[in-house]
Amino acid sequence: MEQRNNVTEFMLLELTQSLQGQKILFAVFLLIYMVTMAGNLLIVITVMLSPTLDAPMFFFLGYLSLMDAIYSTTVTPKMINDLLYEKGTISFEACMAQLFVVHLFGGIDITLLVVMAYDRYIAIFKPLHYLAIMSQQRCTLLLLLTWVGGLLHAVPHVFFVYHLPFCGHNVIDHFFCDMYPLMKLACTNTYVVGLSVLANDGVMSVAIFIILLVSYGVILHSMKNLSQEGRHKALSTCGSHIIVVVLFFVPCIIIYVRPPSTLPIDKPLTVFYTVITPMLNPLIYTLRNAEMKSAIKKLWTRKQN
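If you're matching positions, the sequence shown starts at 823 in this note's numbering and goes up one per residue.
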(Lines of atoms letter the chains of each structure in order from A and count residues from 1; the text may use other names and numbers.)
(Lines give C-alpha, C1' and ligand atoms only; values in the text may rest on other atoms or scores of the structure.)
Protein backbone atom coordinates (compact mmCIF):
# COMPACT_ATOMS: atom_id res chain seq x y z
CA MET A 1 0.00 0.00 0.00
CA GLU A 2 1.36 3.42 -0.92
CA GLN A 3 0.99 6.65 0.93
CA ARG A 4 -1.32 8.84 -1.21
CA ASN A 5 -1.54 12.56 -0.62
CA ASN A 6 -0.42 15.91 -1.92
CA VAL A 7 0.39 17.36 1.50
CA THR A 8 4.09 17.93 2.21
CA GLU A 9 3.68 19.83 5.48
CA PHE A 10 1.08 20.61 8.12
CA MET A 11 0.23 23.80 9.98
CA LEU A 12 -0.15 23.37 13.73
CA LEU A 13 -2.57 25.61 15.64
CA GLU A 14 -1.32 26.81 19.02
CA LEU A 15 -3.28 26.87 22.27
CA THR A 16 -4.10 30.53 21.61
CA GLN A 17 -3.93 32.83 18.61
CA SER A 18 -3.37 35.89 20.81
CA LEU A 19 0.19 37.24 20.49
CA GLN A 20 0.19 38.31 24.13
CA GLY A 21 -1.13 34.91 25.17
CA GLN A 22 1.54 33.16 23.12
CA LYS A 23 4.28 35.14 24.88
CA ILE A 24 2.87 34.21 28.29
CA LEU A 25 2.54 30.54 27.33
CA PHE A 26 6.08 30.55 25.94
CA ALA A 27 7.45 31.67 29.32
CA VAL A 28 5.22 29.24 31.24
CA PHE A 29 6.04 26.18 29.14
CA LEU A 30 9.74 27.01 28.99
CA LEU A 31 9.81 27.09 32.80
CA ILE A 32 7.79 23.86 33.01
CA TYR A 33 10.14 22.12 30.58
CA MET A 34 13.22 23.23 32.52
CA VAL A 35 11.70 21.99 35.79
CA THR A 36 10.68 18.72 34.10
CA MET A 37 14.16 18.03 32.78
CA ALA A 38 15.89 19.07 36.01
CA GLY A 39 13.56 17.01 38.23
CA ASN A 40 13.60 13.85 36.13
CA LEU A 41 17.34 13.92 35.45
CA LEU A 42 17.97 14.52 39.16
CA ILE A 43 16.12 11.30 39.95
CA VAL A 44 17.98 9.39 37.22
CA ILE A 45 21.37 10.61 38.47
CA THR A 46 20.45 9.98 42.12
CA VAL A 47 19.36 6.40 41.41
CA MET A 48 22.55 5.75 39.41
CA LEU A 49 24.95 7.21 41.99
CA SER A 50 23.31 6.37 45.34
CA PRO A 51 24.29 2.95 46.75
CA THR A 52 21.25 3.01 49.07
CA LEU A 53 18.83 3.08 46.12
CA ASP A 54 19.68 -0.34 44.73
CA ALA A 55 16.21 -1.85 45.14
CA PRO A 56 14.26 -2.71 41.96
CA MET A 57 11.65 -0.09 42.87
CA PHE A 58 14.19 2.71 42.45
CA PHE A 59 15.56 1.09 39.31
CA PHE A 60 12.10 1.34 37.74
CA LEU A 61 11.58 4.83 39.16
CA GLY A 62 14.80 6.04 37.55
CA TYR A 63 13.76 4.47 34.27
CA LEU A 64 10.31 6.12 34.48
CA SER A 65 11.98 9.49 35.03
CA LEU A 66 14.19 8.96 31.98
CA MET A 67 11.16 8.03 29.87
CA ASP A 68 9.26 11.08 31.16
CA ALA A 69 12.14 13.36 30.18
CA ILE A 70 12.21 11.90 26.66
CA TYR A 71 8.40 11.87 26.39
CA SER A 72 8.18 15.55 27.29
CA THR A 73 10.96 16.37 24.82
CA THR A 74 8.96 14.91 21.93
CA VAL A 75 6.31 17.63 22.32
CA THR A 76 7.34 20.57 24.49
CA PRO A 77 10.42 22.01 22.67
CA LYS A 78 8.52 22.11 19.35
CA MET A 79 5.56 23.79 21.04
CA ILE A 80 7.84 26.34 22.74
CA ASN A 81 9.58 27.09 19.45
CA ASP A 82 6.25 27.61 17.65
CA LEU A 83 5.04 29.96 20.39
CA LEU A 84 8.23 32.01 20.10
CA TYR A 85 8.48 32.28 16.31
CA GLU A 86 4.75 32.04 15.51
CA LYS A 87 5.46 29.47 12.80
CA GLY A 88 3.70 26.23 13.62
CA THR A 89 4.64 24.23 10.53
CA ILE A 90 5.87 20.65 10.45
CA SER A 91 6.79 18.48 7.46
CA PHE A 92 4.78 15.35 6.71
CA GLU A 93 7.73 13.10 7.60
CA ALA A 94 8.44 14.98 10.85
CA CYS A 95 4.75 14.77 11.72
CA MET A 96 4.75 10.99 11.28
CA ALA A 97 7.95 10.75 13.34
CA GLN A 98 6.44 12.84 16.14
CA LEU A 99 3.26 10.75 16.09
CA PHE A 100 5.32 7.57 16.38
CA VAL A 101 7.65 8.79 19.15
CA VAL A 102 4.85 10.31 21.25
CA HIS A 103 2.85 7.07 21.20
CA LEU A 104 5.96 4.92 21.58
CA PHE A 105 7.02 6.57 24.84
CA GLY A 106 3.40 6.96 25.94
CA GLY A 107 3.03 3.19 25.51
CA ILE A 108 6.29 2.59 27.37
CA ASP A 109 5.06 4.76 30.25
CA ILE A 110 1.77 2.87 30.43
CA THR A 111 3.48 -0.54 30.41
CA LEU A 112 6.05 0.66 32.94
CA LEU A 113 3.32 1.71 35.37
CA VAL A 114 1.99 -1.88 35.17
CA VAL A 115 5.50 -3.22 35.84
CA MET A 116 5.86 -0.92 38.86
CA ALA A 117 2.53 -2.15 40.22
CA TYR A 118 3.77 -5.73 39.83
CA ASP A 119 6.98 -4.79 41.66
CA ARG A 120 5.02 -3.34 44.59
CA TYR A 121 2.79 -6.45 44.68
CA ILE A 122 5.81 -8.76 45.00
CA ALA A 123 7.47 -6.48 47.58
CA ILE A 124 4.42 -6.51 49.86
CA PHE A 125 3.04 -10.04 49.39
CA LYS A 126 6.35 -11.90 49.06
CA PRO A 127 8.88 -9.77 50.95
CA LEU A 128 11.18 -12.67 51.82
CA HIS A 129 11.52 -13.68 48.17
CA TYR A 130 11.39 -10.14 46.73
CA LEU A 131 15.04 -9.82 45.70
CA ALA A 132 15.11 -13.36 44.32
CA ILE A 133 11.99 -12.81 42.21
CA MET A 134 12.88 -9.28 41.10
CA SER A 135 16.39 -10.21 40.05
CA GLN A 136 18.43 -8.01 37.73
CA GLN A 137 17.70 -10.39 34.87
CA ARG A 138 13.96 -10.21 35.45
CA CYS A 139 14.03 -6.42 35.82
CA THR A 140 15.86 -6.12 32.50
CA LEU A 141 13.33 -8.45 30.87
CA LEU A 142 10.46 -6.35 32.23
CA LEU A 143 12.03 -3.21 30.78
CA LEU A 144 12.32 -4.91 27.41
CA LEU A 145 8.63 -5.76 27.65
CA THR A 146 7.84 -2.07 28.14
CA TRP A 147 9.49 -1.38 24.78
CA VAL A 148 7.49 -4.18 23.18
CA GLY A 149 4.33 -2.63 24.64
CA GLY A 150 5.33 0.80 23.35
CA LEU A 151 6.01 -0.52 19.84
CA LEU A 152 2.75 -2.48 19.71
CA HIS A 153 0.97 0.72 20.70
CA ALA A 154 2.76 3.10 18.30
CA VAL A 155 3.31 1.14 15.07
CA PRO A 156 -0.40 0.69 14.16
CA HIS A 157 -0.99 4.42 14.61
CA VAL A 158 1.71 5.44 12.16
CA PHE A 159 0.81 2.67 9.72
CA PHE A 160 -2.83 3.74 9.47
CA VAL A 161 -2.20 7.49 9.35
CA TYR A 162 0.69 7.26 6.89
CA HIS A 163 -1.57 5.52 4.38
CA LEU A 164 -4.47 7.94 4.75
CA PRO A 165 -5.01 10.21 1.72
CA PHE A 166 -4.66 13.93 2.49
CA CYS A 167 -5.99 16.03 -0.37
CA GLY A 168 -4.87 19.55 0.51
CA HIS A 169 -6.29 20.45 3.91
CA ASN A 170 -3.23 20.72 6.14
CA VAL A 171 -4.21 22.76 9.22
CA ILE A 172 -4.06 20.49 12.29
CA ASP A 173 -6.26 21.78 15.11
CA HIS A 174 -3.67 20.81 17.69
CA PHE A 175 -0.19 21.80 18.88
CA PHE A 176 1.37 18.47 17.83
CA CYS A 177 0.59 15.57 15.48
CA ASP A 178 -1.95 13.24 17.04
CA MET A 179 -4.44 10.70 15.73
CA TYR A 180 -7.85 12.39 15.86
CA PRO A 181 -6.70 15.80 14.52
CA LEU A 182 -4.89 14.07 11.63
CA MET A 183 -7.85 11.81 10.85
CA LYS A 184 -10.02 14.90 10.62
CA LEU A 185 -7.95 16.10 7.63
CA ALA A 186 -8.14 12.84 5.65
CA CYS A 187 -10.26 12.93 2.50
CA THR A 188 -11.64 9.43 3.03
CA ASN A 189 -13.77 7.51 5.50
CA THR A 190 -11.73 6.91 8.65
CA TYR A 191 -14.20 4.61 10.41
CA VAL A 192 -11.82 1.62 10.52
CA VAL A 193 -8.92 3.79 11.70
CA GLY A 194 -11.20 5.29 14.35
CA LEU A 195 -12.07 1.83 15.66
CA SER A 196 -8.36 1.03 15.82
CA VAL A 197 -7.66 4.16 17.87
CA LEU A 198 -10.63 3.49 20.13
CA ALA A 199 -9.36 -0.05 20.80
CA ASN A 200 -5.65 0.75 20.98
CA ASP A 201 -5.95 3.92 23.05
CA GLY A 202 -9.38 4.12 24.62
CA VAL A 203 -10.31 0.56 25.55
CA MET A 204 -6.74 -0.39 26.50
CA SER A 205 -6.38 2.74 28.66
CA VAL A 206 -9.60 1.96 30.53
CA ALA A 207 -8.68 -1.73 30.96
CA ILE A 208 -5.16 -1.02 32.24
CA PHE A 209 -6.42 1.82 34.45
CA ILE A 210 -8.98 -0.50 36.10
CA ILE A 211 -6.39 -3.28 36.49
CA LEU A 212 -3.95 -0.88 38.16
CA LEU A 213 -6.58 0.55 40.51
CA VAL A 214 -7.72 -2.95 41.50
CA SER A 215 -4.12 -4.05 42.02
CA TYR A 216 -3.34 -1.12 44.28
CA GLY A 217 -6.66 -1.63 46.04
CA VAL A 218 -5.62 -5.20 46.86
CA ILE A 219 -2.19 -4.00 47.99
CA LEU A 220 -3.67 -1.30 50.23
CA HIS A 221 -6.17 -3.77 51.70
CA SER A 222 -3.32 -6.14 52.60
CA MET A 223 -1.53 -3.45 54.62
CA LYS A 224 -3.56 -4.29 57.72
CA ASN A 225 -1.19 -7.24 58.23
CA LEU A 226 1.91 -5.02 58.19
CA SER A 227 3.57 -3.25 61.10
CA GLN A 228 2.85 0.44 61.53
CA GLU A 229 6.21 1.38 60.04
CA GLY A 230 5.80 -1.03 57.12
CA ARG A 231 2.23 0.17 56.55
CA HIS A 232 3.32 3.81 56.47
CA LYS A 233 6.15 3.08 54.03
CA ALA A 234 3.97 0.97 51.73
CA LEU A 235 1.15 3.53 51.84
CA SER A 236 3.53 6.33 50.91
CA THR A 237 4.97 4.41 47.95
CA CYS A 238 1.66 3.06 46.65
CA GLY A 239 -0.01 6.43 47.19
CA SER A 240 2.58 8.05 44.90
CA HIS A 241 2.00 5.41 42.23
CA ILE A 242 -1.79 5.82 42.40
CA ILE A 243 -1.51 9.60 41.98
CA VAL A 244 0.73 9.18 38.92
CA VAL A 245 -1.63 6.57 37.42
CA VAL A 246 -4.66 8.85 37.83
CA LEU A 247 -2.87 11.92 36.44
CA PHE A 248 -1.74 10.00 33.36
CA PHE A 249 -4.76 7.84 32.55
CA VAL A 250 -7.77 10.08 33.24
CA PRO A 251 -6.95 12.69 30.52
CA CYS A 252 -6.13 9.89 28.03
CA ILE A 253 -9.43 8.17 28.75
CA ILE A 254 -11.43 11.39 28.32
CA ILE A 255 -9.77 12.05 24.94
CA TYR A 256 -9.81 8.57 23.40
CA VAL A 257 -12.87 6.81 24.85
CA ARG A 258 -15.32 8.33 22.39
CA PRO A 259 -16.04 8.31 18.65
CA PRO A 260 -13.25 9.96 16.59
CA SER A 261 -13.62 13.71 17.04
CA THR A 262 -11.78 16.78 18.24
CA LEU A 263 -13.16 18.91 21.07
CA PRO A 264 -11.94 22.22 22.57
CA ILE A 265 -11.08 20.43 25.83
CA ASP A 266 -8.63 18.11 24.04
CA LYS A 267 -5.78 20.63 23.94
CA PRO A 268 -5.76 21.42 27.70
CA LEU A 269 -6.07 17.71 28.53
CA THR A 270 -3.23 16.83 26.16
CA VAL A 271 -1.07 19.55 27.72
CA PHE A 272 -1.74 17.95 31.08
CA TYR A 273 -0.51 14.44 30.27
CA THR A 274 2.28 15.41 27.84
CA VAL A 275 3.67 18.49 29.61
CA ILE A 276 2.39 18.79 33.18
CA THR A 277 2.42 15.15 34.32
CA PRO A 278 6.11 14.54 33.41
CA MET A 279 6.94 17.57 35.56
CA LEU A 280 4.80 16.42 38.50
CA ASN A 281 6.04 12.81 38.58
CA PRO A 282 9.49 13.53 40.10
CA LEU A 283 7.92 15.93 42.61
CA ILE A 284 5.36 13.33 43.66
CA TYR A 285 7.90 10.54 44.04
CA THR A 286 10.55 12.59 45.84
CA LEU A 287 8.21 14.41 48.21
CA ARG A 288 6.48 11.17 49.26
CA ASN A 289 9.55 8.94 49.49
CA ALA A 290 11.84 9.41 52.48
CA GLU A 291 14.62 7.23 51.00
CA MET A 292 14.68 9.25 47.79
CA LYS A 293 14.75 12.56 49.65
CA SER A 294 17.57 11.32 51.88
CA ALA A 295 19.59 10.07 48.89
CA ILE A 296 19.19 13.38 47.05
CA LYS A 297 20.25 15.29 50.14
CA LYS A 298 23.34 13.09 50.64
CA LEU A 299 24.26 13.34 46.96
CA TRP A 300 23.89 17.10 46.95
CA THR A 301 25.92 17.45 50.18
CA ARG A 302 28.67 15.26 48.72
CA LYS A 303 28.82 17.35 45.55
CA GLN A 304 29.00 20.54 47.61
CA ASN A 305 31.97 19.22 49.55
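One thing to keep in mind: the hints can contain errors.
[Stated by the list, open to error] Subject to a maximum C-alpha distance of 20 Å in a straight line, what follows is the list of computed DMTMM-like cross-link-like pairs (lysine to aspartate or glutamate):
no. : residue 1 : residue 2
1   : K900      : E831
2   : K948      : E1051
3   : K900      : E915
4   : K1089     : D995
5   : K900      : E836
6   : K1006     : E1113
7   : K845      : D904
8   : K909      : D995
9   : K1006     : D995
10  : K1119     : E831
11  : K1115     : E831
12  : K1119     : E836
13  : K1055     : E1113
14  : K1006     : E836
15  : K1006     : D1088
16  : K1006     : D876
17  : K900      : D1088
18  : K909      : E831
19  : K948      : D876
20  : K1089     : D876
Think of the hints as simulated: they come from the structure by calculation, not from any bench. As the structure is a prediction and not an experimental result, all values here were calculated from the model.
Going through the hints against the structure:
1. K900 to E831: holds, 15 Å
2. K948 to E1051: Since the Cα atoms of K948 and E1051 sit roughly 17 Å apart, the hinted pair holds (cutoff 20 Å).
3. K900 to E915: Given pair K900, E915 holds - Cα atoms ~15 Å apart, limit 20 Å.
4. K1089 to D995: OK: K1089 and D995 at ~9 Å, within 20 Å.
5. K900 to E836: Roughly 11 Å separates the two Cα atoms, so the pair holds.
6. K1006 to E1113: This hinted pair is violated, its Cα atoms lying about 48 Å apart.
7. K845 to D904: The hint holds at about 11 Å.
8. K909 to D995: holds, 14 Å
9. K1006 to D995: Measuring from Cα to Cα gives roughly 9 Å; hence the hint holds.
10. K1119 to E831: violated, 48 Å
11. K1115 to E831: violated, 46 Å
12. K1119 to E836: Violated: K1119 and E836 sit about 40 Å apart, past 20 Å.
13. K1055 to E1113: Roughly 10 Å separates the two Cα atoms, so the pair holds.
14. K1006 to E836: holds, 17 Å
15. K1006 to D1088: holds, 14 Å
16. K1006 to D876: The hint is violated at about 48 Å.
17. K900 to D1088: Answer holds: K900 to D1088 is near 18 Å, not above 20 Å.
18. K909 to E831: holds, 12 Å
19. K948 to D876: holds, 18 Å
20. K1089 to D876: violated, 39 Å
Going down the numbered hints, you'll see the structure goes against 6, 10, 11, 12, 16 and 20, while the others check out.
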